[in-house]
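**Student:** Based on the hints, put chains H and X in the right spot on chain A.
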Amino acid sequence: MKRGKQEGMKRKATLDELANLVGGKVEGDGSLRVQGIASLEEAGEEDITFLAEVKNLSRLEKTRASAVIVPINLPPSPRPLIRTANPYLAYAKVQAFFQTKPLAPRGIDPRAFIGQGVKIGRDVSIFPFVFVADGCELGDRVILYPGVYLGESARVGEDSVLFPNVVVMDRCLVGKRVILHPGTVIGGDGFGFARDGARHVKIPQVGTVVIEDDVEIGTNCAVDRAAMGKTLIKRGVKTDNMVHIGHNVTVGEDTIIVAQVGIAGSTEIGNRVALGGQVGVVGHLKIGDGAMIGAQAGVGQDVGPGQILSGSPAFPHREWLRAQVAFRKLPEMKRTLAELEEKVKKMEEAIEKKAHS
Amino acid sequence: MKRGKQEGMKRKATLDELANLVGGKVEGDGSLRVQGIASLEEAGEEDITFLAEVKNLSRLEKTRASAVIVPINLPPSPRPLIRTANPYLAYAKVQAFFQTKPLAPRGIDPRAFIGQGVKIGRDVSIFPFVFVADGCELGDRVILYPGVYLGESARVGEDSVLFPNVVVMDRCLVGKRVILHPGTVIGGDGFGFARDGARHVKIPQVGTVVIEDDVEIGTNCAVDRAAMGKTLIKRGVKTDNMVHIGHNVTVGEDTIIVAQVGIAGSTEIGNRVALGGQVGVVGHLKIGDGAMIGAQAGVGQDVGPGQILSGSPAFPHREWLRAQVAFRKLPEMKRTLAELEEKVKKMEEAIEKKAHS
Amino acid sequence: MKRGKQEGMKRKATLDELANLVGGKVEGDGSLRVQGIASLEEAGEEDITFLAEVKNLSRLEKTRASAVIVPINLPPSPRPLIRTANPYLAYAKVQAFFQTKPLAPRGIDPRAFIGQGVKIGRDVSIFPFVFVADGCELGDRVILYPGVYLGESARVGEDSVLFPNVVVMDRCLVGKRVILHPGTVIGGDGFGFARDGARHVKIPQVGTVVIEDDVEIGTNCAVDRAAMGKTLIKRGVKTDNMVHIGHNVTVGEDTIIVAQVGIAGSTEIGNRVALGGQVGVVGHLKIGDGAMIGAQAGVGQDVGPGQILSGSPAFPHREWLRAQVAFRKLPEMKRTLAELEEKVKKMEEAIEKKAHS
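First to last, the protein sequences are chains A, H and X. Here the first sequence is numbered in the numbering used here, starting from 22 and rising by one per residue. Here the second sequence is numbered in the numbering used here, starting from 22 and rising by one per residue. Here the third sequence is numbered in the numbering used here, starting from 22 and rising by one per residue.
What you were told as hints is all true, and nothing was included just to trick you.
You can't tell identical chains apart in this list, so a pair holds if it fits in one copy or across any two.
Straight line, CA to CA, 20 angstroms or less: simulated PhoX-like cross-link-like pairs of lysine-lysine:
no.	residue 1	residue 2
1	197	223
2	375	364
3	374	364
4	366	355
These are calculated hints, taken from the structure and not from any lab test.
Same shape as in the complex, but just chain A (with noise of 0.2 angstroms):
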């Protein structure tokens, strides 16, 4: 097994060529080189930061950082900086920028397992104990990490990191880019059932998952094969970790689900929503493009585009909100409630006593 260059030197970069990377115009010396980014607090002198908004201007005075990061509307400041209407996204690229190694490809370790009529692309790494089963496709780069098991015909895209234990189950299809953590699952079997009295008997589930590019899947995540056809995560989905996604979802692009969010069977999830954390989202409905699920909320119907939701069940978080304050008196309303009561019935009583006298 060929042994990849794990450190290499520290990459450099001048403020110059950042701000070309992230779209930002430098004030003060362009030609000042940097050799790495952290937050105000732990940069060093060699290193640049970034303030990600106005309001926190006072905590740039004591970075030793060397040069800084920071909104367009920032007031002048004597030290180097770099403007850009995005400092995080900024921050986001610059990390990248000097986390990257340069390819050092592995190879396919001997102590790998590759079964026939395996399809594999140039300067891939797969390391010991990993298991491709007979007629796999990996494109260029790949990366499988020990223990990871892709079943039958499973497919793999360029530049896509399988971490260890990953595994992907026969006929499941991974696109371009992908990230999949340690520990996920994809394509293991639907949870169908058909009863026979009381027992319940397995219904096989023959269909696939399909991964579009550039998607992130956390560690020791679930997302099933479909009954029939496909379960279908969109191009640009992200995820955290133990995520459950049921048989025949689909997941739409740029999609965002956090920690611990399942989502039953055959669900549609719209593009660009935000599910929040421990979300749980019934079966079989549709979720509109935009919408925003609070944490721990409980989905039971079908939500429209752009919609707001919180509670279990869920409904529009506003309401939700008024409804938690007012929760919170419930004990209070309920003394009110049982005094009113009392009152009323002596008020009627003297009204009818006036009234016979």
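**Tutor:** Structure of chains H and X alone, referenced to chain A:
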């Protein structure tokens, strides 16, 4: 390692054979041959399809399938039919028929680790990178996929399938025809500690897990071993993904557990119970036979047989439905209550005034 | 590979020895020998058992155990006793005593992969199919079960046990006497993205995870690496299964986290906190020392030391209990309110009428 025949020829069957398989009755040409089953929309001309409910009759028109499995009471049709009481169950059985490949055991791969004193039945398939510790027993036709770990003296009954990276810790028992999906762990330690001042002292978990026949457990689940004695999953239980079952729990026959449910230690779940997604059940409870718990509910008390509960904490589902409706009206109720208070106060004053006038 | 002695002889101990171990006092024959500890119901004649609370005294009658660990204030008994302030803690210690096998390190199996520059202590056990990347350090007596992955420069302290398929990503630190249960992942990427229009740009997660001594983490958990800096799990923390801990979180000493809890990024959990099952905690919060959060609660605000909260969103537990009771009465309250409105309206009309008569 022998290479199992993984594809083989497509199976074919006549309508008479399929009617016999599902306990149905043919209407039309019983000698007609089909080679697969698919949904109404996706079936091709060589497939059979199924219509689960009469109310969806209109969807039958466009299918290209050459025959249809239908409910007994469907109106007559020019198409070849198989009438049966439960078309959905028939679909499960026919799908399994077409899905079943002739057994082609792979034998024991030399890259698997087999300990001392291991008893192995006939026609097993043990893939590379499987670890079978000393004293294990494997029944006939067991399949252990790559990355499976069996601890000392673990036993797996005939025809069971352990998918990649399944872990069965020492002395745990897995029955016959059991399916454990990828990443699931049977027999990890239960969560038990004794307080020693502010610190927590581990209570060794010396019990086991017993999984009876015909159980299916989803992806990335955990069934903890007992502190002493055993955690017991009875015949026919089916769980979805990421289900947590604590130490010394008993789950009764044919119980269904949907994804991301957590059951705390020593709780006894009855037979034919249904737990919805993300339900939590407190420890040391009894859930009666046939009870149904709605998604995201939190069960904090014993549940009687056949009870239907929802909410966190859970109470009878019908009451919960009404309470939920009222919950959304809470802010309005609060306003109404304040208005009433004001009115009553004024009336009291008016009455008071009158009394003194 | 050396084969560790896995069974060995049963250990035996006298009551005097056990009393010394647990800091208790023998009543009866201190030279009596027992060979195990079991529950009151399951103990045999060669076992000792324990009675945690005096109120369960009647359960003592039927046990076959030859001796009993009891609370200090138990009435005198004809049986041999060990009196101690905390019988449950004594049970933990005695169970550990009988459970402990004499150390029998297996050495490094040749089917494990050991990278370059790895430092390995004495008496370690490294099973087949373990992957230890370049630059790792392993303390004395570390046990790495099959399928364990250690990324570059990861470090594991002495006497720690990593069960099958545990993943510790590069540069993460695991302390001494740490137990990581099967399938758990330490140091997967945190969930961090910057928006670029509708798309999400990954923020490289370049920090690490530090797990201090005496931590135990359950099955299929995930502790994410920090974006920058470190995610920190302090000494003595114990987590149950499927717990998600986001990037840059700190969990304080001796904190207990029950199954399926999720903690979002950058939150600081204090010392000796208890988080119930399925709790969710929002990011960037502070939870004070000794706080207790009830099962399924959703914590959306800072929590003071010692506070006890429940509900989603969470508020003080006692208030929540009362609000829950009132919640079930909501439909009734709604009806009462409507009736009162009607009555008040009639009275107002009556008063009005009278005023004009």
